[in-house]
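Line by line, the protein sequences give chains B and W.
Per this note's numbering, residue 1 is the first one in the first sequence, and the count goes up by one each step.
Per this note's numbering, residue 1 is the first one in the second sequence, and the count goes up by one each step.
Please note: incorrect hints may appear among the correct ones.
Identical copies go unnamed one by one, so any copy, or any two together, can satisfy a pair.
[Stated by the list, open to error] SDA-like, lysine to any residue: derived pairs with alpha carbons at most 20 Å apart:
1) 26 / 15
2) 26 / 115
3) 26 / 93
4) 26 / 78
5) 26 / 120
These are calculated hints, taken from the structure and not from any lab test.
2 protein chains.
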Amino acid sequence: MRAILLLAHGSRDPAWKAPFERLRDKIVARAPAMPVENAYLEHTAPDVIEASRRLVTRGATAIEIVPLFLGPGGHVRSDLPRLADAIRSAHGSIEVTIATPIGEADSVIEAIADYCLERRG
Amino acid sequence: MRAILLLAHGSRDPAWKAPFERLRDKIVARAPAMPVENAYLEHTAPDVIEASRRLVTRGATAIEIVPLFLGPGGHVRSDLPRLADAIRSAHGSIEVTIATPIGEADSVIEAIADYCLERRG
Numbered sequence: 001m002r003a004i005l006l007l008a009h010g011s012r013d014p015a016w017k018a019p020f021e022r023l024r025d026k027i028v029a030r031a032p033a034m035p036v037e038n039a040y041l042e043h044t045a046p047d048v049i050e051a052s053r054r055l056v057t058r059g060a061t062a063i064e065i066v067p068l069f070l071g072p073g074g075h076v077r078s079d080l081p082r083l084a085d086a087i088r089s090a091h092g093s094i095e096v097t098i099a100t101p102i103g104e105a106d107s108v109i110e111a112i113a114d115y116c117l118e119r120r121g
Numbered sequence: 001m002r003a004i005l006l007l008a009h010g011s012r013d014p015a016w017k018a019p020f021e022r023l024r025d026k027i028v029a030r031a032p033a034m035p036v037e038n039a040y041l042e043h044t045a046p047d048v049i050e051a052s053r054r055l056v057t058r059g060a061t062a063i064e065i066v067p068l069f070l071g072p073g074g075h076v077r078s079d080l081p082r083l084a085d086a087i088r089s090a091h092g093s094i095e096v097t098i099a100t101p102i103g104e105a106d107s108v109i110e111a112i113a114d115y116c117l118e119r120r121g
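Build out the structure end to end from the sequences listed, making use of the hints.
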């Protein structure tokens, strides 16, 4: 079974993660059978190892990491391949893939443009 | 004339800003008469003072700052009001407002959910 790991940066501020959890809830509401978990690089729990453990417990045999980053910085280019390897090491035969970050998804940038244009007043 | 200042975090990586510039281009394509500029908090030029100067030069009398942040951290809560004040001080009578960050826009989270669900394979 395919699963999604929603990866964001993390923050010392406990309120920071709310939009990412709302995103997970939206996905779960539309695809209730698919395991979906949030994970964070820093400060915020769970990390990718704990999140992937939860996905595997729910039957995941393939995990797609979706990087919730608009700008493609060092986190996306160097941390992500390393984290994917860490998940593979932790869970034997699992297939781990990394999606294109959301900042490169035209539909996402289009939705942000719509939001900005609504603000013209 | 109303103008939009697209505020993002910034990065030492010169490639990081590409999605934010693509966003600006999309908005300009759809509303060519409206002044729109990118601005960054750290590392990446221009900063908000330089970006707002460009907007005022193009005739802006009101600037809406759109925070391109998904998670509402310290940058959004404390830096933004301070930056809005700095723009007001730099440009006398200009009206400066701060939009709700994109992470709190339901349409944006919905577009990211769509993108994730397309990845189910």
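Okay, the hints, checked on the actual structure:
no., hint, result
1, 26 / 15, "within (18 Å within a copy, 31 Å between copies)"
2, 26 / 115, "both (19 Å within a copy, 12 Å between copies)"
3, 26 / 93, "neither (29 Å within a copy, 42 Å between copies)"
4, 26 / 78, "neither (29 Å within a copy, 29 Å between copies)"
5, 26 / 120, "between (28 Å within a copy, 15 Å between copies)"
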